[in-house]
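Engineer: Following the hints, complete the assembly by docking chains H and R onto the known chain W.
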Amino acid sequence: MTELLRTEQVTKTFGGLIAVNNVDMAIEEGQILGLIGPNGAGKTTLFNCITGVYPITSGEIYYKGERITRLQQPLIVRKGLCRTFQELRIFKNLSVLQNVLIGMHTRCKGNVVDALLNLPGTIHEEKRAKEKAIHYLDLLGLADRADYKANSLPYADQRRVEVARALAAEPDLLLLDEPSAGMNVNEAHTITDFIKWLNVELKKTILLIEHNMRVVMPVADRVVVLNMGKKIAEGTSAQVQGSTEVIEAYLGRDYIAQQM
Amino acid sequence: MKWFPHKINLKWILFFASLLVPIVVKSPFILHVIILLGIYVILTDALNFVTGFAGQLALGVAAFVTIGGYTGALLMLNNHWGFWMALLAGGVAGFISGLVLGVLSLRLRGDYLGMVTLGFSEIVRIVAINLVDVTRGPMGLPGIPRPQIFGYLFHGDVPYYYLLLALIIFTHVTIEKMLFSRFGRACLAIRDDESAARAMGVEAYEFKVLAFCISSAYAGLAGVFYASWTTLFSPDSFQLTDSIMISIMNTLGGIGSLLGSFPGAIIIGALPEIFRPFTTGSGIASLRLALVGLFMVVLLIIRPQGIAGMSIDPVYISLEPIRRLFVREGADAKENKEGTQ
Amino acid sequence: MTFDFLLQQLISGVAIGMVYALIAIGYSMVYGILKFINFGHGAVYMFGTYVGYFTWLFFKDKVGLGVWPGFLIALPFAMVVAACFGMLMEKIAYRPSRGKSRLTTFMSSVGMALLVTYSMEFLVGPQPRRTPALFPGVKIHLGDAILTGQQIFMFVVGLVLLILLQLFVTKTRAGKAIRACSEDMGAAYLMGINVNRSISTTFAIGSAMAAVAGMLVGIYYSAVYPTMGWLAGLKGFICAVTGGIGSIPGAMLGGMLLGMGENLGAGLLASGYRDAIAFTVLIVVMIFRPMGIIAREQKSSL
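Chains as they are written, first to last, in our numbering: chain W, 707 to 966; chain H, 2 to 342; chain R, 67 to 368.
Some hints here could point you the wrong way.
[As the list claims (entries may be wrong)] Distance condition first, Cα-Cα at most 27 Å in a straight line; then the derived DSS-like pairs of lysine-lysine:
| no. | chain 1 | residue 1 | chain 2 | residue 2 |
| --- | --- | --- | --- | --- |
| 1 | W | Lys833 | H | Lys27 |
| 2 | R | Lys166 | W | Lys798 |
| 3 | H | Lys8 | H | Lys178 |
| 4 | H | Lys27 | W | Lys836 |
Hints were generated in silico from the structure; no laboratory data involved.
Same shape as in the complex, but just chain W (with noise of 0.2 Å):
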């Protein structure tokens, strides 16, 4: 298989802090790797380093073999990295067709001469844009509530909005930051599956950050796990399940004792 991302060392500096501690890691096509660790770990840095939203401070990082490291995020999304937010960060204001429609814009074409000047070429885009968003929005469900407002929506379909944004930006790697949050159990199992529907039938490679241990280990091939912005284990989750070091992390020195 073919290695799809590789980082190189990257370190991160906020001033005196050192959020992402020269971490080595590579996710190769088809996977699904997932990154886990306490919180504050830079789990989230590591995620903003890659898609290019901070300057890394050290390190390299390449994506399909070529170096993405000091580029600009348009051009990093253009080469086929998309992500979803932590957070939640759709555009709550714009319908639902419109967030998956800016999704697709480094995917069509069209500025703002070709809009004033009405040519038949961009009219004809805007309408295989729009029937193309139709189609993402079709395959997570949403397709009947596109002209909905966006945060009129319950969050659990709001979340899909942002999937299906991320989506449209045609990624071969999807990074995606703690899909499961503000979920409860149930809907953290349809997560697991929709995670392996969208690694195995839309054939996206998939860069998970969690916090759930259910939702991530039964999807993950392989995991890595960061503390303190140091990679402290690497494998697949059995291995990562059993080390030391990762149950110290999240659980202490003490506990570890304790067991002992």
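Structural biologist: Leaving out everything else, chains H and R in the frame of chain W:
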């Protein structure tokens, strides 16, 4: 007559009504005021493009009106350009100066951006006053030629009114076209959540600058029109307080709405005229601005989204009552036909 | 370009710079605590000045006390009235939108500025009024440069007030409360600090300083007029930003720099461009160092 429409877009009513205005309005003073209100509408639309569709605060509209106005006026006076070319030049001048200011300042946060645009506006005004060789300083440029369109030389306010109407329609149609395009969508996304927009690949900074330039271009057009209409253009024609007034018109109408500029501009523009019988001329000017300020404070407390909010939906007027008058017979005839079978 | 000419520009620059600093304080402190630009500050400056001016005339002429006693009564009175006015403005116009967007509050302050300025213009008329002189004829000659009594007075008064203010903010409980609110309002609230009172105090201090500044300026230029708050207010803001918004020494530094810079610039270019210098400084500072010279906080982007 089954094809009789159920509803009609408000725009058509406004359009036909506005065609009739100079015929209905007899008082030249009122027509004069209406033209001024029309200019405010264009400027409010221009500002709205930046505030409502790209989410940036800009308090320096006057700068671009001044730049556009001087460009057009000087080209008409010194180089004997025709009106339409001067109009275009004014728009381009507005665009370019918008580009300069935008590139310099659009990385700044909201209120800071407001202050910088304000500062820029003042710089433009001061430069206009001091570059006496070019602009004749505070005395302004008099004798700006009136437009000649297809050989007809403008005479009186009425032809200016129709020209203004054309400009307003141009502004609205083009803004609507841009809004419902990939570019417009991206701007709305930027306004809603800029970080999220960037995460989806929207080139936020570039688009904001572009929106700013477009907005300034419209202001420049308005400036050329104003210069031509008043035949005199000076650094005081459009000042800081005018910029703020346009801002309030924008807020009142609804930042981000498509049609809010009309009620916003008309209410704020016409309101002080109510007080005309009660105070002197100079008192009116002060009172207008004080009222504008009061309006702003109150409005922002009780209804910050203004009259039309962020609505970009078309507004329809129901024609049901009229339709029923015409279609009833048709329906009856159809029933009869079915009945006899 | 003689030495005396430079010295003259320096003198007037420092004198007016101190006044700018007094105005800048209001912006700085309010921004520090509420994180918004109070555009209405210029109007308060003007209002305090007019109150002082009319009171001064009243006690000078009507009561017959003369120039200095009249001034000594009018100045504190103007400070108190301005302080109350500033606090009132905050309560009516800014507090209701405090939780909401910062831009809304800023636009409210713009509205306030218009309301106050043009109501005053409507009431008293737009024509400038002559102010009495405090130090008629008092001059010190330094070569060809002249240092007037008024300039010394401005400098001394301004310096004293700024020092007192810095002491207040660092040594007194109320001052420390204000600083705490500026650092982290939520934490200050949880520590039992009366946040509303701190905010009101901040407005009161800034407004009182502005009233002093206005009186000094009015005497210096021998005139007060209703729209004096526009330009002075904007320049005060520019000083606050240049020096470092939220910082009191920054306000003074900004004031000095702008005061001297303006004079030098006006001396070198045409004097008509004087005001444009201030705005150019603003744009330059905003592009290259928006946190000012004495940067109080490290802003992380996003």
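Engineer: Do the alpha carbons of lysine 8 (chain H) and lysine 178 (chain H) lie within 27 Å of each other, as the hint requires?
Structural biologist: holds, 22 Å
Engineer: For lysine 833 (chain W) and lysine 27 (chain H), compute the direct alpha-carbon distance and say whether it is at most 27 Å.
Structural biologist: violated, 48 Å
Engineer: Decide if the proposed pair is consistent with the structure: lysine 166 (chain R) and lysine 798 (chain W), CA atoms, cutoff 27 Å inclusive.
Structural biologist: holds, 17 Å
Engineer: Could you grab the alpha-carbon distance between lysine 27 (chain H) and lysine 836 (chain W) and see if it respects the 27 Å cut-off?
Structural biologist: violated, 50 Å
Hints 1, 4, counting from the list given before, are not met by this structure.
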